[in-house]
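Protein sequences appear in the order of chains A and B. Mapping the first sequence onto the working numbering, position 183 (from 1) lands on 183, and the numbers just tick up by one. Mapping the second sequence onto the working numbering, position 276 (from 1) lands on 276, and the numbers just tick up by one.
Hints were generated in silico from the structure; no laboratory data involved. Just so we're clear, the structure is a prediction, and the values are computed from it rather than from any experiment. Possibly wrong hints are sitting among the right ones.
Same chains, same label: a pair holds when it works inside one copy or across any pair of copies.
Straight-line distance between alpha carbons at most 35 Å, and here's what the computed DSBU-like set of lysine-lysine pairs gives [said to hold, decoys possible]: (1) Lys11 with Lys208; (2) Lys112 with Lys208; (3) Lys303 with Lys200; (4) Lys321 with Lys168; (5) Lys11 with Lys211; (6) Lys211 with Lys200; (7) Lys112 with Lys211.
Number of protein chains: 2
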Amino acid sequence: MTLINHAWRLKTRPVGLVKPGDFEWVGEALPALQDGQLRVRNIHLSLDPAMRGWLIDRPSYVPPVQIGELMRGLAVGVVEASNHPKFAVGDIVQGMFGWQEYLQSDGTGVTKLPASPLPLEANLGLFGLAGMTSYFGLKEVGQPKAGETLLVSGAAGSVGALVGQMGKVLGLRVVGIAGGADKCDYLTRELGFDAAIDYKAAGSDLRKQIKAACPNGVDVYFENVGGEILDAALSVMNTFGRVVVCGLISQYNATEAVPGPYNFAMVISKRLKIQGFIATDYGNRVKEMVADMATWYAAGQLKYRVDVVQGLENAPLALNKLFDGSNQGKLMVQVSPLPA
Amino acid sequence: MTLINHAWRLKTRPVGLVKPGDFEWVGEALPALQDGQLRVRNIHLSLDPAMRGWLIDRPSYVPPVQIGELMRGLAVGVVEASNHPKFAVGDIVQGMFGWQEYLQSDGTGVTKLPASPLPLEANLGLFGLAGMTSYFGLKEVGQPKAGETLLVSGAAGSVGALVGQMGKVLGLRVVGIAGGADKCDYLTRELGFDAAIDYKAAGSDLRKQIKAACPNGVDVYFENVGGEILDAALSVMNTFGRVVVCGLISQYNATEAVPGPYNFAMVISKRLKIQGFIATDYGNRVKEMVADMATWYAAGQLKYRVDVVQGLENAPLALNKLFDGSNQGKLMVQVSPLPA
Chain A
1 MTLINHAWRL KTRPVGLVKP GDFEWVGEAL PALQDGQLRV RNIHLSLDPA
51 MRGWLIDRPS YVPPVQIGEL MRGLAVGVVE ASNHPKFAVG DIVQGMFGWQ
101 EYLQSDGTGV TKLPASPLPL EANLGLFGLA GMTSYFGLKE VGQPKAGETL
151 LVSGAAGSVG ALVGQMGKVL GLRVVGIAGG ADKCDYLTRE LGFDAAIDYK
201 AAGSDLRKQI KAACPNGVDV YFENVGGEIL DAALSVMNTF GRVVVCGLIS
251 QYNATEAVPG PYNFAMVISK RLKIQGFIAT DYGNRVKEMV ADMATWYAAG
301 QLKYRVDVVQ GLENAPLALN KLFDGSNQGK LMVQVSPLPA
Chain B
1 MTLINHAWRL KTRPVGLVKP GDFEWVGEAL PALQDGQLRV RNIHLSLDPA
51 MRGWLIDRPS YVPPVQIGEL MRGLAVGVVE ASNHPKFAVG DIVQGMFGWQ
101 EYLQSDGTGV TKLPASPLPL EANLGLFGLA GMTSYFGLKE VGQPKAGETL
151 LVSGAAGSVG ALVGQMGKVL GLRVVGIAGG ADKCDYLTRE LGFDAAIDYK
201 AAGSDLRKQI KAACPNGVDV YFENVGGEIL DAALSVMNTF GRVVVCGLIS
251 QYNATEAVPG PYNFAMVISK RLKIQGFIAT DYGNRVKEMV ADMATWYAAG
301 QLKYRVDVVQ GLENAPLALN KLFDGSNQGK LMVQVSPLPA
């Protein structure tokens, strides 16, 4: 029996949001499994804002995806066949398996996930990149102290929601910025944020609303968005405040040069530290993150939700959900059925 | 005998560069010296870029100078009369004595300077705000390591010149950015910079020229200028680079909102730390700075030059020299003769 592996390859570099035709849908016969190889059936593909940056032809922390190349992406899958001594059929594994149905590999970059009572989605929704990003971004870059005020933009996103909840665990006042009343309700009613600001409703009042929600100013600002929200946040930072630059989602689809914050001079007058990071910089500390997050989750202090798009064929356009405000929870594509 | 104290008071808030008429020249009779008071005759007034910011009516790390108020400024003077037990006639003192000929004070904020074999100008040119700013900015905020590359903008200014020389003392490759061939020659021939870039001649080639002068990229960028120079520098930073934001002199006279760096997204992809500071945050560590700088000066590893404008009456327009490129060396106003 010959398996056909369907996959998405980059066809042209998107301008603005991803359009049909930017990726090519291909189906290729898988060769026979060699000695020392394993075959992974992808189940969940993680869709993350940073992926939009991988499509741009410029030097960055990882090389851009090349035209004709398989689209890069983090995935969780199940080992379906194995000639590899360290992997058995049924193992749940994670890695940069890409936008395809199957991966045949010698095991390089394939990480076996420990057995867990949580649903399979938790691997991407609670741990994975979202967990790494929120945990190390807040803890290591933000240096939060109990009693301080934490402001989070993109707060209803997978990372922002975890960051805010962790802020509460660590004893901070937590204020989220999100788009729409539903998302704001979710933050305060479900996730325990102290306050939430709907930036769409706030308009030019955003700065005033942040000030009102943060009567003691902002000590740690966790930035997922950029643009006008960053400007407003900079203007209310406390002296010696920390700005954790996780994402600048407002500008990932920009087709023209985007100016930096107009309030940049606040960096001096308030002695701010603005620091960027990449979750994988902390790759050797995954266990620490998983241990803490699992503990907090078990204690009911962390919730997560997932937004699952069905079918690999829908992956390219699903990426746009991260940028048009429609995404609610950790976005992923379900490529194939869950293991029995 | 009644002494008349001439002084500059802020009359209107300058728009752009300072214009004649923005300050008012006043002469007021000094009251008799009370018990516990001392009288300081100002000799050197320090002119610093940050002073332009003090004239703007907005919250900052110090309150703005109010209309009608004496212009704030650091000065070095000599005690001319004293009814104060801790100060004697002839003592050399430093403090925020303002733009006036004399200060009568109960001693609050008046610091006695130790005897020194250096000329009096060294107090502002080598130590004072220039020393504090360059020493703690580079050492504490920049965290330089031997073998790294240090890029300095405004490199021929009083702070930039000291920063670059300290970079050499600490074993870094040092590249300066300055305006004009003369200043660049001064950096490489007199101060030992490894390379200097004339941003005026470079124009849109600035980024290429920085890349050529910094073949291993930039690890520490000491920012005095902002604007296009900051953008060019951000684009050549190494991963985990540090941007020390000391000044943004290109925008202090701006009359419209100035966009932040267009390359702001580099903060994430290169995991940069952008950090602002104020020299006086390190006010309790002056002795450490003076000890190191005096040692390096005595060893011939630090040079400074001063740009002395004669006469308090010229102070307001002299401030513009910091922004029009004409200033060479630590800018100060000589208010009265040196002590005999």
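Each hint tested on the structure:
1. Lys11 with Lys208: Only across copies: lysine 11 and lysine 208 sit 31 Å apart there, 45 Å inside one copy, limit 35 Å.
2. Lys112 with Lys208: neither (48 Å within a copy, 45 Å between copies)
3. Lys303 with Lys200: Only inside one copy: lysine 303 and lysine 200 sit 25 Å apart there, 55 Å across copies, limit 35 Å.
4. Lys321 with Lys168: within (28 Å within a copy, 51 Å between copies)
5. Lys11 with Lys211: between (46 Å within a copy, 32 Å between copies)
6. Lys211 with Lys200: within (17 Å within a copy, 42 Å between copies)
7. Lys112 with Lys211: neither (46 Å within a copy, 42 Å between copies)
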